[in-house]
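Here the structure of chain A is known, so what remains is to put chain D in place on it, guided by the hints.
Number of protein chains: 2
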Amino acid sequence: MVLIALDRATAKRLQRLIEEREWEELEREIAKLHPHDLSEFVQSLDDEQRRLCLTRLSPRLVAQFLPELKDEIQAELLELLPPRAAAELLMHLEPDERADVLALLAPEVRRGIMQYLPAELRSEARALLRHPSDSAGGLMTTRVLALPRDMSVEEAIRFIRTHAGEYETIYYLYVVDEKGKLVGVLSLRDLVLAPSGRKLGEVMNPDVIAVPTDMDQEEVAKIVADYDLAAVPVVDREGRLVGLVTVDDVVDVIEEEMAEDMGQIAGTGVGVDRLIEAPALEVVRARLPWLLVALLGDGIVAASILKRFEETLASVVALSLFVPAIMTMGGNVGLQTSTIFIRGLATREINDRLRYLLREIKIGITMALIAGVAVALFAQLLVGRPVIGLIVGTAMFAAMSLASVMGVVIPWLFEKLNIDPAIASGPFMTTTQDITGLVVYFTLASVLLQQMA
Amino acid sequence: MVLIALDRATAKRLQRLIEEREWEELEREIAKLHPHDLSEFVQSLDDEQRRLCLTRLSPRLVAQFLPELKDEIQAELLELLPPRAAAELLMHLEPDERADVLALLAPEVRRGIMQYLPAELRSEARALLRHPSDSAGGLMTTRVLALPRDMSVEEAIRFIRTHAGEYETIYYLYVVDEKGKLVGVLSLRDLVLAPSGRKLGEVMNPDVIAVPTDMDQEEVAKIVADYDLAAVPVVDREGRLVGLVTVDDVVDVIEEEMAEDMGQIAGTGVGVDRLIEAPALEVVRARLPWLLVALLGDGIVAASILKRFEETLASVVALSLFVPAIMTMGGNVGLQTSTIFIRGLATREINDRLRYLLREIKIGITMALIAGVAVALFAQLLVGRPVIGLIVGTAMFAAMSLASVMGVVIPWLFEKLNIDPAIASGPFMTTTQDITGLVVYFTLASVLLQQMA
Chain A
108 MVLIALDRAT AKRLQRLIEE REWEELEREI AKLHPHDLSE FVQSLDDEQR RLCLTRLSPR
168 LVAQFLPELK DEIQAELLEL LPPRAAAELL MHLEPDERAD VLALLAPEVR RGIMQYLPAE
228 LRSEARALLR HPSDSAGGLM TTRVLALPRD MSVEEAIRFI RTHAGEYETI YYLYVVDEKG
288 KLVGVLSLRD LVLAPSGRKL GEVMNPDVIA VPTDMDQEEV AKIVADYDLA AVPVVDREGR
348 LVGLVTVDDV VDVIEEEMAE DMGQIAGTGV GVDRLIEAPA LEVVRARLPW LLVALLGDGI
408 VAASILKRFE ETLASVVALS LFVPAIMTMG GNVGLQTSTI FIRGLATREI NDRLRYLLRE
468 IKIGITMALI AGVAVALFAQ LLVGRPVIGL IVGTAMFAAM SLASVMGVVI PWLFEKLNID
528 PAIASGPFMT TTQDITGLVV YFTLASVLLQ QMA
Chain D
108 MVLIALDRAT AKRLQRLIEE REWEELEREI AKLHPHDLSE FVQSLDDEQR RLCLTRLSPR
168 LVAQFLPELK DEIQAELLEL LPPRAAAELL MHLEPDERAD VLALLAPEVR RGIMQYLPAE
228 LRSEARALLR HPSDSAGGLM TTRVLALPRD MSVEEAIRFI RTHAGEYETI YYLYVVDEKG
288 KLVGVLSLRD LVLAPSGRKL GEVMNPDVIA VPTDMDQEEV AKIVADYDLA AVPVVDREGR
348 LVGLVTVDDV VDVIEEEMAE DMGQIAGTGV GVDRLIEAPA LEVVRARLPW LLVALLGDGI
408 VAASILKRFE ETLASVVALS LFVPAIMTMG GNVGLQTSTI FIRGLATREI NDRLRYLLRE
468 IKIGITMALI AGVAVALFAQ LLVGRPVIGL IVGTAMFAAM SLASVMGVVI PWLFEKLNID
528 PAIASGPFMT TTQDITGLVV YFTLASVLLQ QMA
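Chains as they are written, first to last, in my numbering: chain A, 108 to 560; chain D, 108 to 560.
This is chain A alone, in the form it adopts within the complex:
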């Protein structure tokens, strides 16, 4: 009764049915499963078996789990099928899902398939494909239930009884005026509870939260999450209701956006979630550029800086013992600071950037003071020369304090230049701090050692 995941025994049985080419039996078994489990099963098959299975099952059945499959597999399947068969499969999808699948294809493949779609679905798909996939328009379904405001509660209930099957969700009912402009909302619950003779315009809530088609998906997700909505209507420039974004799409957006930020912090380039099961070569292509940024900074720039201080290093070898500590502490503070700041920008919780910078400086100096004193004491213990302790402690204090300033200022600058501030986190930030730390350390060492001499 409590269905949670596809068990191993069932998966084995299904696999045997594929091997034995028992398509009818397979079809019956598969029809009982949840689309999500089916997609997991299909993805666990090897390429050959998966192709066989996807091309042999009925389009109606494949359509149920197609949108849950990975993008590459969706595209592969539609390219394998004859265009007419691909179009038939697509006809079983919701409009927003259909547009999403079509957007994955090469333009000529897409055109080939679209010519077999009924004219109405074709123009609907074209309209949806016009919106960038990461905007409200790209996220929405066009099947939204819009009722005229002079309809009565009773008529509305009757209408829903006969038409509900056509709509993805009827959690909320949207009310529009004669021009299609969104003027109010009511939940199915409000409708069921309202006196049957009243007009929708009288029982609706006129304060409806809506988003424009071109709003960024991250912002749409934030509104749905903040206002605890099950769905948010999408309106065009004239305020006309054109679509609906539901909370399950928003959950995916939130995960995707956070996984992207996580990827920037960890220096994996693209979103972390996309690398978990990606082919090795693709992972290398995403991760290597960030390693090369670090190699450029620490291998070339930092090494060249150290070379300028080679004499100092040669005369006071003890200085090199603390190179790792100075580098690391600045890098860690920079990464901490930039991560929190960038997340605060993404969630729009940070408005006053200057005030945030001042708070961060206070935090940075406090931590720098503690770490600086600790490392100075230990340096004195290990090397036994007070001047080394003084240099190491002061340099660490300066490097960490600077790192907390730069952890805010660099992403802020990126934001002003219209570059994603998240790029300023991760290897970019730590490498910048490594270099800053070394320059501070050796400049201070040269000056102080010269004064002592």
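Treat the hints with care, since some could be wrong.
Each pair may be met inside one copy or between any two copies, as identical chains are not told apart.
[Stated by the list, open to error] Mimicking DSS-like on lysine-lysine, the simulated pairs with C-alpha atoms at most 27 Å apart in a straight line are: (1) Lys414 x Lys523; (2) Lys469 x Lys523; (3) Lys119 x Lys329; (4) Lys177 x Lys329; (5) Lys119 x Lys139; (6) Lys139 x Lys306; (7) Lys523 x Lys286; (8) Lys288 x Lys306.
Read the hints as simulated data drawn from the structure, not as lab findings.
For chain D alone, kept in the frame of chain A given last:
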């Protein structure tokens, strides 16, 4: 019509009303706003104004936005109010929200307030407080609509018409047997579309996805997201329906859990989101321990290791030029690897850990080879001694390859020891790699240089 956020002018007007102690006028103005905007407004006030405002407004109004306020502010308010007034305020909340607020309070304050709650609400709150706040039981509301399976469709519609107001959501209707065991589900849409004389047991879907009360909230969130549910029922050990988790609670869980993982990667200790607006001292308390881990590793352990190689360093100063590069590259690979692996464990996409390790080794060796050759060539260019190029290149190759192994093995080990594997990312991972890299580098240098001599 399109309400998106509280504008500045309104905020200013409300603030003036507080300053002028115009409570009735304020109450009227506030009643028009969305709870989320209200919570933002209240949080933007200074301590004094906020206290005044929260204690003077009617409990019914405060109850609307109380759950949206930050935990500290919720707790502060309830401690400020006389216990009887606090209880009155709590009576206006949903059961799960009431339990969440009560859970924030010190036991004696909680007891003081609970004695003024009606007996029924008191025992309901006690039952909810028994579940850990991060389990399905802690997340659920107990107000779930359960209908007997022999009820007719018509009776069910009539029942909902009269009782819908009592329930948080009626997106799904759950069907139970005589013992309260969950046996099926149907959406309000299915109900509205069903022939009115049929029994619920005949029209329901018997394959209902449910979760046990003690399931971890992260797992609950994953199920709701994967299966695109608007809500998931919660059952006790006997399979009886005891509550409901809705998708808006799940959105919060996903954001919270990902922000926590982000915090581990960036070494901020607690979840990133909790540090954006926290007081400076709290931020220091969260971040400093991780900096001290790095200081211990790179300041004390690494410095002591370098000291053992002081002679080598003194005779071949050029070696110290590449200390930053060797350290950084291992650290970066380790952080990349562990982040993706840990996320794959959290999303349950990685099942075969050994296979993942093998793929990661392939990726790591490829990247290590490229970086190793690049740094060897540059070292030759900068220093002009082939042996240094050989040492630096080989050490970098070894350190990066090792880092990709350890990036999987260490979190895997943590998982086996029942420690959160995410802790093995961030400063812990980079510091471990820094030390490993240095040991590899200097051991190799000592051996090779000795052989040459």
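Now for the hints, and whether the structure bears them out:
no., hint, verdict
1, Lys414 x Lys523, "neither (35 Å within a copy, 45 Å between copies)"
2, Lys469 x Lys523, "within (24 Å within a copy, 40 Å between copies)"
3, Lys119 x Lys329, "between (41 Å within a copy, 24 Å between copies)"
4, Lys177 x Lys329, "both (25 Å within a copy, 17 Å between copies)"
5, Lys119 x Lys139, "within (15 Å within a copy, 58 Å between copies)"
6, Lys139 x Lys306, "between (42 Å within a copy, 22 Å between copies)"
7, Lys523 x Lys286, "neither (39 Å within a copy, 62 Å between copies)"
8, Lys288 x Lys306, "within (17 Å within a copy, 41 Å between copies)"
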